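Q: Given next are the chains, with one letter for each unit.
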Amino acid sequence: QKEVEQDPGPLSVPEGAIVSLNCTYSNSAFQYFMWYRQYSRKGPELLMYTYSSGNKEDGRFTAQVDKSSKYISLFIRDSQPSDSATYLCAMNRDDKIIFGKGTRLHILP
Amino acid sequence: IAGITQAPTSQILAAGRRMTLRCTQDMRHNAMYWYRQDLGLGLRLIHYSNTAGTTGKGEVPDGYSVSRANTDDFPLTLASAVPSQTSVYFCASSDRLNTEAFFGQGTRLTVV
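Here the protein sequences line up with chains A and H, keeping their order. For the first sequence, the working numbering assigns the number 1 to the initial residue and increments by one for each residue that follows. For the second sequence, the working numbering assigns the number 1 to the initial residue and increments by one for each residue that follows.
By construction, these hints were calculated from the structure, which means they are not laboratory data. None of the values given here were measured: they were computed from a predicted structure. Heads up, none of these hints are tricks.
Sample of chain H residues at the chain A side, in silico, Cβ under 10 Å:
| # | residue |
| --- | --- |
| 1 | Ile4 |
| 2 | Gly58 |
| 3 | Leu97 |
| 4 | Thr99 |
| 5 | Gln105 |
For glycine and all other residues, C-beta sits at the position ideal for the given N, C-alpha and C.
Sequences are here, hints too, so could you generate the full structure?
A: Shown next, in the form of structure tokens:
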């Protein structure tokens, strides 16, 4: 079983919809959780990070962590064509950061 | 603008040649990393540095070397390039090792 699993997509949704992106993980040692956005031919950009279970909100983005289920989500409200990108989850333990392989998201105008 | 600068942006390199990818950060972060990103394989850690003067091996270190002479710079050297090293290389940094990292814009390397 991989330590971090992320559906590669692509996920296509209409503009204005709520987007839900998810990752599951197997190692309960992970301490905190990150989401990155990567546009084509660009470097990953840190969107959000959180240490604890529950929700963390930043503008149109909400990161949710459920440690009991080993499941994290990123919600995007009022999605825009500019949100079209690959989204990578990441989580750390003491010795490394593990990245998911990313979900490609297309927002349809 | 604060951040990470990588050079060159792209490069075509003959197999067997030596190449150094440059990375500079101005955030005074202690930790720095080199990743390669390949389709279907995601981001894989090549080497990292916890602080100036120390380096460590990541998941795929063979064929690569790094040095960390000061806080800001973390060059990655391919001693004798091979076609399997064709990839997009990202440098990243974080305040502490294995915490939220900030990435550069990448170097697209093609070894022919």
